[in-house]
Amino acid sequence: MPVISYIDAVTQALQEEMQRDEKVFVLGEDVGVRGGVFRATDGLYKEFGAERVIDTPLTESAIAGVAIGASVYGMRPVAEMQFADFIMPAYNQIVSEAAKMRYRSNNTWYCPLVIRAPYGGGVHGALYHSQSVEKLFAGVPGLKIVMPSTPYDVKGLLKSAIRDEDPVLFLEHKRCYRLIKGEVPTEDYTVPIGEAEVKREGDDVTVISYGLTLHFALKAAEELEKEGISVHVLDLRTIIPLDKEAILEATVKTGKVLIVHEDNLTGGFGGEVSALISENAFFELDAPIRRLAGPDVPAMPYSPPLEKEFMLNPEKVKTAIRELAEF
Amino acid sequence: MPVISYIDAVTQALQEEMQRDEKVFVLGEDVGVRGGVFRATDGLYKEFGAERVIDTPLTESAIAGVAIGASVYGMRPVAEMQFADFIMPAYNQIVSEAAKMRYRSNNTWYCPLVIRAPYGGGVHGALYHSQSVEKLFAGVPGLKIVMPSTPYDVKGLLKSAIRDEDPVLFLEHKRCYRLIKGEVPTEDYTVPIGEAEVKREGDDVTVISYGLTLHFALKAAEELEKEGISVHVLDLRTIIPLDKEAILEATVKTGKVLIVHEDNLTGGFGGEVSALISENAFFELDAPIRRLAGPDVPAMPYSPPLEKEFMLNPEKVKTAIRELAEF
Amino acid sequence: MGSEESVMETSRHEALGLSDDQVLEMYRTMLLARKIDERMWLLNRAGKIPFVISCQGQEATQVGAAFALDREKDWLCPYYRDLGMMLVFGQTAKDQMLSAFARAEEPNSAGRQMPGHYGDKRFRVISGSSPVTTQLLHAVGVALAGKMEKKDFVSLTSFGEGSSNQGDFHEGLNFAGVHNLPVIFMCENNKYAISVPIEKQLAGGSVAARGQGYGMPGISVDGNDPLEVYEAVRDAAARARKGEGPTLIEATAYRLVPHSSDDDDRTYREMGEVEEARKKDSLVQFKKYLEDVGILSTESGAELEREIGHIVDEATEYAEQAPYPDPSETYTHVYAE
Amino acid sequence: MGSEESVMETSRHEALGLSDDQVLEMYRTMLLARKIDERMWLLNRAGKIPFVISCQGQEATQVGAAFALDREKDWLCPYYRDLGMMLVFGQTAKDQMLSAFARAEEPNSAGRQMPGHYGDKRFRVISGSSPVTTQLLHAVGVALAGKMEKKDFVSLTSFGEGSSNQGDFHEGLNFAGVHNLPVIFMCENNKYAISVPIEKQLAGGSVAARGQGYGMPGISVDGNDPLEVYEAVRDAAARARKGEGPTLIEATAYRLVPHSSDDDDRTYREMGEVEEARKKDSLVQFKKYLEDVGILSTESGAELEREIGHIVDEATEYAEQAPYPDPSETYTHVYAE
Ligand SMILES: Cc1ncc(C[n+]2csc(CCOP(=O)(O)OP(=O)(O)O)c2C)c(N)n1
Ligand SMILES: Cc1ncc(C[n+]2csc(CCOP(=O)(O)OP(=O)(O)O)c2C)c(N)n1
Ligand SMILES: [Mg+2]
Ligand SMILES: [Mg+2]
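For the protein sequence lines, the chains are A, B, C and D, in the order given. Numbering-wise (full-length UniProt numbering), the first sequence opens with residue 1 and increments by one. Numbering-wise (full-length UniProt numbering), the second sequence opens with residue 1 and increments by one. Numbering-wise (full-length UniProt numbering), the third sequence opens with residue 1 and increments by one. Numbering-wise (full-length UniProt numbering), the fourth sequence opens with residue 1 and increments by one.
Careful, some of the hints might be misleading.
Said to hold, decoys possible - Derived list of chain C stretches under chain A, where covered just means 3 residues or more per stretch with a C-beta under 8 Å from a C-beta of chain A:
#1 56 to 70
#2 96 to 110
#3 134 to 144
Worth flagging that the hints you see were computed from the coordinates, not collected in a lab. Every residue gets a Cβ at the ideal spot worked out from N, C-alpha and C, and that includes glycine.
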């Protein structure tokens, strides 16, 4: 199997889906001629032309709203928000419209659309090019939220998202784009939305994560093995709908749970995971459920020492796991 | 002490603060001549004139953005969103601007502004005049979120919000407006932001809630007393910043916790409260932490049987408490 | 505007290519919309339905516009007052009453949404929400899809003059202009947004004047005149189908009743102003026109009123008896099942 | 435009009431902005600073506009390219370099924000963010406050032509129009929004043309000519102070460098086009003007360049040595402490 980068997996999925289905098209700022500011849509303009790879005006609400209209009509738009931080002007369209279209029309109309957005920090992006936004959408029924961590999952899940009958927010950690590489089959495959995956088996402590921090957990697990701590790592992959069974299974496996995400602690999605566990597997727990997350400050600052302070890393994850293991 | 309604407490607080401080002004849709569609600003236009009680165009982003500009200048704007459901077009201004102004300017600029919004259901308001929106803002550091349940708290907290140096989202449960009455002193007083209050003492089960469902909890507690179940009821009043000590104290009091809110279960603020408890008071718990909340559907439907099904009520809360008590 | 020779003898509707039957049908639909609406207020005041939001005063705009479209292929993204438009496109009095009573059989949402929140796949009417102006972008999206698929339909979206100040208006007109899309933006200017009059709402005072800033025609019409609206929309649709892009139309009329059943308009406007507006009521004026050109007589007019009264009665009775949705419906259709 | 008698003898800047010293100061500031900007690119390419976003090509617009304001009382809500404006209002080369190096002493945010995210209480410049066009509404809010407090300052906000399509533009202009506020909306049209050219961005092709839809003057000026910009902003400010309300100004120039240090503009525009634009570079043209009217000589021009070179060197050295903020700063100033 060829080894490709996380961002190439995005591009391949888009390209193959556009080849497979004429209704699939891409729209967003700089996605056409420029191929996207991260180059995620590189080559698509050349292959599919200006009509299917649309450079839109600088208007996120219109990008979302036009995609909604086109998807209701029967197209399969894949909209790009240039940075997840800039999805806010489209919030009304996504929350009030896309997420509620099926419910409010009693299953008559619906929005099979994907909104892709690069999120996350560690790239000198400062306050507004580093944010995690999943918690702002995780409580919006009607929307699905996918947050893959590996090229394999990116490609398989993006294909599933495009083929899905409901609106999917597809969040790509921008630090992973060129950092994370992995094997990806050449033949067509999908990864189902809503299924978590055990990325590493272990017995002492369970880490539940997604995105970039999943890799920190894997790294930490590898290093802790040498200290004799065996870590079980669950990659949520999709946060809505949430794979509750997988979470409970992973909890039972070790009885000690650490939830890790880059998004701020308070109001972050870790709270939901924690609540779910303590509601359903309370008596399986051998220690308090712990969360390790970004601090409760508005966003990640620019200056390197501050950015470093905000970001998680394998060391911080290791420390938290060790504490739980020793509990 | 005079007994007044929840909405009158809003009006009184606004009026008294406008009398006290010339920098305080009100803006929003229909807040002037009409006195607000709920009449929360009734009489203010007459007393303070069109300059301090501004009927704005139908533009929520402008209402928030203009309030931000004016507050940065040094005014004390109190903006009304006609319904919390219509705050979404202002999401970018609130999340990206108001909440981050102080942090991003290293404490140089800040936004002492209040955004009031009627939220919640049970008023035949259907999908878009019934939503709870707190979870959409609870993970936004820099913003404070106040959700009072009684006229006393409304008045005292709204005054605190107006005097606060940071942006405050002030969420008023619209079903409480005329339903909930209570004693309110005539002299000036404030209720501090960030302090929860025990609204009823009890020994068997702790209920943590806010807004309309707090009253359901009190009603349930009253009725359960006859069955010999003693219920401890904590009213969060402010959800950001969260009164962690009060939550942990209330937990320790009974060892059994039920969190109740009208907002949807998944991603709802109850998750944060639950996670906090299981992280910090795990060994004080005698039963799994339970959450009772609105179902995971986009919003409350119009048709009476559906609205009723969505809404919580004292019966549903009673059942949940009883289950916990018997655990 | 009509051929030189026969201007004086030709009636206005003939000059527009409309037959007597067609204008009669327009009037009939306007009247039906009005009567349904009036009945809803009665039902509301009698405590039978929780909420009404009215088309009263805007029937000419709505019916004139919808008549100018192709009811077999064009798409609508209307707003909550567009009862007249919905009737033209195919919904019935029964549909409206079922919706007012929030019954399971109601075609827009099976009772999930408030009345006035239209949506009907049979007639290519996309489901609308309450937050204003969002639908405008959906119409642009449909028009984009149509262009991509080389179809020749147009989409029409309507909205109030207050709502035209929302950011989505700007983003939508700009997007449609850049991509030269077959979409018609129709502002139904009824002079108030709840209590806020145009002077406090709309800088410059004209929605139509904003068209040229997007390089598209911005056309003002008398919203009380269904023929004038018809002509403007017909021409806009023809341009759109020819690939000449979008049009902004502002049809000005007046909201004859309070904003909704929850409103009390005496708190913000003089009742004399409403009385004045009633004199220009399109139902009065258009009726007079039809009488003047000899299409409607006192008798046939009265007969029509009776017939429509029956229809509304029947619809009301049917809807009142119809069952509510089952509570279990609360949980369905969040996602594809 | 100047008095009849002396038009031919009077130089353009004299006709505007500007002294020789003033225009020299304008040129000096433009040049300083350019040189700081150029140095930042070098530092970036040398791996010393992570990011640059440029004013290059827009100096005339920025400096001309800021000169027309009252630096003691007017307010600014600028955007990320407005280095020239910030220098006029009082920031220094050192401030810019501290910001580029993300140092603790940096005045906009103490290193929290990217360079170009201006904010300075000393000069009444409200802190800006990255999401475009949000600052426009803040300027409207400041103007509203000024009107309420019966002050006679104006606020000026600037933004790109791409950004002018955001909903906040529409809502802001409308609000300012309705309330007749003392605010100047200045679009710096540099013909691209990253890779997207005006034709794909801006329906109708003109931002200025949108002014009349809000009942306000919409004025197009040559963004390469600081005197033309100065005049337009001066007049707008005078109108605003007299209570005559807001003005929209579109100053068209060209972005001479890539969008930012992360961009590669060869992927979307011909380098020949950039070369063409360089011929109209305001620094070249305005220098020539000053030479033509005898204010600048070859020698004094060279001396100025040297002096500015020194300033930039010193600023760079200072900033490079200056300390980063302490990591503990990550946690401060979320709320009032
Ligand atoms: C985004 C949003 N804000 C506020 C409201 C509340 N609201 C409903 S209708 C209305 C007035 C609309 O006025 P206009 O656009 O002129 O339409 P009209 O009702 O007059 O036909 C308002 C403020 C809403 N539905 N959506
Ligand atoms: C809301 C938002 N969307 C997207 C971006 C990313 N972005 C930064 S600058 C830019 C282009 C801006 O173009 P224009 O307004 O013409 O200003 P210019 O950079 O050309 O001066 C884009 C798309 C952003 N900053 N904010
Ligand atoms: Mg109106
Ligand atoms: Mg530009």
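- Report the numbers of all earlier hints that the structure fails to satisfy, in ascending order. 1
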